[in-house]
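Undergrad: Residues per chain, in single letters:
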Amino acid sequence: MSLMNVFAISGSAVSAQSKRLNVVASNLANADAVAGPDGQPYKARQIQFETVASGEGDVAGVRVAGVLETQAPVRRVLEPGNPLADSDGYVTHSNVNVVDEMVNMISASRSYQNNVEVMNTARTLLSKTLQMGQ
Amino acid sequence: MNLLTAKIAAQGQALELLAERQKVLAGNIANADTPGYQARDFDFARALAEARGQGGSALATTAAGHLDTGGGAAGVTPTVQLEWRTPDQPALDGNTVDLDRERASFADNALRYEATLRFINQDVKNMLSAITGQ
Numbered sequence: 001m002s003l004m005n006v007f008a009i010s011g012s013a014v015s016a017q018s019k020r021l022n023v024v025a026s027n028l029a030n031a032d033a034v035a036g037p038d039g040q041p042y043k044a045r046q047i048q049f050e051t052v053a054s055g056e057g058d059v060a061g062v063r064v065a066g067v068l069e070t071q072a073p074v075r076r077v078l079e080p081g082n083p084l085a086d087s088d089g090y091v092t093h094s095n096v097n098v099v100d101e102m103v104n105m106i107s108a109s110r111s112y113q114n115n116v117e118v119m120n121t122a123r124t125l126l127s128k129t130l131q132m133g134q
Numbered sequence: 135m136n137l138l139t140a141k142i143a144a145q146g147q148a149l150e151l152l153a154e155r156q157k158v159l160a161g162n163i164a165n166a167d168t169p170g171y172q173a174r175d176f177d178f179a180r181a182l183a184e185a186r187g188q189g190g191s192a193l194a195t196t197a198a199g200h201l202d203t204g205g206g207a208a209g210v211t212p213t214v215q216l217e218w219r220t221p222d223q224p225a226l227d228g229n230t231v232d233l234d235r236e237r238a239s240f241a242d243n244a245l246r247y248e249a250t251l252r253f254i255n256q257d258v259k260n261m262l263s264a265i266t267g268q
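Those protein sequences? They're chains V and L, same order as listed.
Using the working numbering, the first residue of the first sequence is number 1, and each one after it goes up by one.
Using the working numbering, the first residue of the second sequence is number 135, and each one after it goes up by one.
No lab work stands behind these hints, which were simulated from the structure alone.
Any given hint might turn out to be false.
As the list claims (entries may be wrong) - Pulled a few chain L residues facing chain V out of the computed Cβ check, cut under 10 Å:
#1 L138
#2 E150
#3 K157
#4 T168
#5 A244
#6 V258
#7 I265
#8 G267
What the hints assert, rightly or not - Derived DSS-like pairs: lysine-lysine, alpha-carbon spacing no greater than 30 Å straight-line:
#9 K19(V) to K43(V)
#10 K141(L) to K259(L)
#11 K141(L) to K128(V)
#12 K19(V) to K259(L)
Just so you know, even glycine gets a beta-carbon here, dropped at the ideal spot from N, CA and C.
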């Protein structure tokens with residue numbers, strides 16, 4: 001049944017978008033982080049989507065291929081009084097761009113909603129198909 | 135082909151193709167954020183015409199009085215030829231999904247599916263009333 005595959009396809013998209021939302025949440029939470037567990041400043045993460053074949057035919061779902069660290073330069077702020085400052089008095093902050101992350105968040109949430117709507121439509125159609133001839 | 139169910143079988147083919155298209159469109163919506171994804175679709179009218187042309191009649195008409203059962207055998211699974219979408223506004227990452235267009239097509243296709251279901255249901259009702267004679 002073709003419509004059953006809609007759930008697999010849209011489900012994969014919903015899962016991928018929620019992972020993207022997780023990464024955004026992590027970035028936003030660490031926007032002001034000065035040092036991570038390894039002593040290095042937090043590097044913003046970016047998610048990478050990849051098309052995945054759903055088995056039969058050419059119709060495909062989506063999956064997360066990987067989570068990459070953003071190559072944007074870190075932010076150095078002059079805070080001579082900070083105990084973490086280097087010899088020049090600069091503290092290295094994370095390279096999270098809060099505006100970028102907010103845009104990313106809205107985009108992920110819209111895509112999530114779109115795919116949920118697709119699944120709802122498919123569910124309605126399937127239940128009507130099951131009632132066929134009654 | 136059974137003359138009683140010929141109409142329903144024809145509607146069934148349309149239903150199958152509509153479900154297939156729904157799946158393709160769901161795949162496009164799922165991959166709206168995947169870099170390099172090429173949106174796909176197929177010509178429903180042409181696929182249906184091809185499906186109807188397949189098979190031929192199951193009953194041979196050997197006398198002038200025989201009823202023509204028409205083309206389009208039941209039980210023939212329609213096959214579709216997927217094509218690529220031509221993007222109106224190509225994205226920098228090579229993605230050719232136009233979300234507005236995909237959503238419109240998805241809603242349109244869902245409505246067609248529901249309409250076809252209603253036709254089938256009405257055909258069943260008509261047949262039942264013919265059988266029961268009430």
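Undergrad: For each hint given before, does the structure comply? Return the numbers of the non-compliant ones in rising order.
TA: Checked against the structure, the hints that fail are numbers 1, 7, 8, 12, while the rest are satisfied.
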